[in-house]
Amino acid sequence: METTAMHIANGIVDGPVSAVFAVLAVAALAFCVRKARNDLDERLAPMAGLVAAFIFAVQMLNFQVLPGVSGHLLGGTLAVILVGPWVGALCVSTVLIVQCLLFADGGLTALGLNITNMALLGTAAGYLLVAGLLRVLPRNARGLAATAFIASVVSVVVASQGFVLEYALGGTTELSLPWVSGTLAGVHALIGIGEGLIAATTVATVARVRPDLVYALRRFRQPIVVGTKVNA
Amino acid sequence: MGAGHAVLHLDRVSPVHRLAPEVKIAAVLLFTIIVVVTPRTEFWAFGGYAVLLAVVAVVARVPALWLARRATIELPFVLLAVALPFAGQGERVDWLGLSLSVDGLHGAWNIFAKGTLGVLASLLLAATTTMRDLILGLDRLRCPTVFTQIATFMLRYLDVLADDARRMRIARLARGYDPRFLWQVKAFAVSVGALFLRAYERGERVYLAMVSRGYAGRLPHDEAARAPVGQWMAAAVLPIATGGIALAAALGS
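Chains as they are written, first to last, in the numbering used here: chain H, 1 to 232; chain V, 1 to 253.
Read the hints as simulated data drawn from the structure, not as lab findings. Just so it is clear, CB atoms sit at the ideal spot from N, CA and C, and this is done for glycine as well. One should not assume that every hint holds.
Per label pair, the in silico range of CB-to-CB distance [what the hints assert, rightly or not]:
| # | chain 1 | residue 1 | chain 2 | residue 2 | range |
| --- | --- | --- | --- | --- | --- |
| 1 | V | LEU173 | H | PRO16 | 52 to 62 Å |
| 2 | V | GLY244 | H | LYS35 | 40 to 50 Å |
| 3 | H | PRO16 | V | VAL237 | 19 to 29 Å |
| 4 | V | ALA236 | H | ALA19 | 32 to 42 Å |
| 5 | H | ALA146 | V | PRO228 | 53 to 63 Å |
The shape of chain H in the complex, shown without the other chains (with noise of 0.2 Å):
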């Protein structure tokens, strides 16, 4: 597994940013763990560990976007949409923290940096589109579809600007801002395509066959009223 992917590493962010937002994520993480207790049974469990594993999975997927500059997937809002804005956080968080432990991706001291933008601004952002674009759009596949892809895009940008919020607080070097920002916003509004068309096809197909498993649908379901009175 020669793989290019990196999260940010041990180093580019100086201790005390990196230590303040590693508090801020195991407090945020702290309330998801809370939050999805409630959400967690039998179905939800397999699910998150397999939307975790195909996160993990398409995370491989490297888009060569500029010379030097590659990035991938991110996959928040595929696990929003799936396991709900709690465990969706938490299924992000494990493959990041099983990256770094295992595959020596992005710096152990660099977790909470990496687990604030990815698995905490990413979702979050991805799961108020999807809340809120479900509102107005059909809530079928194809309706869902069009969530995903829309929510994806702007997640993963908005994932990519923590770490200029981070690297401006923090940052080892003086390098203009604006220039980071852009680059990044450029490179992840790419990598949110891409990311949108995995995200669309592979929602569309699961609210198709079995949409019971589509956490975002649950608000919506009609409940089934049994034994109501037929007036012959």
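Given the coordinates of chain H, assemble chain V onto it according to the supplied hints.
Quick look at chain V alone, frame taken from chain H:
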């Protein structure tokens, strides 16, 4: 465990392999933290850290070439580091007719040194610990069960995904499908949703079978099998030596 699992694990017999996983995770974490907080101008301290890692690698019987090849994962960030002396701002120096930024040079060194040391430490951990043991270690370090549960299923499903992808590819080939690169991409895009569903349904059956056999969120393991104090002491040598070097560097300057 399938082939995809053992990518970074080196099956050897060594004192480092025998250490309990939680002990190793704690040692690597402390080592990395000390490396990152070391001021970047303490050049010889970083040399000391590198020597410490080399000693660990020798004790763990991990070949240097193996480490070097896996460490190429860091390359994109090294490329960023190379750009820094040119793109950085502030005071500049002339070197071989090139105008370089001092701040950028220090920044490049900082990223290169800390990044490389961190990658090497993580690689040593991955080489000496299996995935299952790592999850067990995280569990013993009081990592919430939700995480270890998701991670356990994730590792399990990676195999399911890879196997189902292979089956679907063979099925396509058997129907006269011509797998050239661009066509491969198209087939992948079309079948990604189907792959997801097939893997889910296979995994769901496995999960329900586990639940009906008494699985309640944790794989069974020996509660009493905690790492003995001796192992903690042995693993503590690395962060203590690292701390010593950092302290000496801080006092010396």
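Provide an ascending list of the numbers of those earlier hints which the structure does not satisfy. 4
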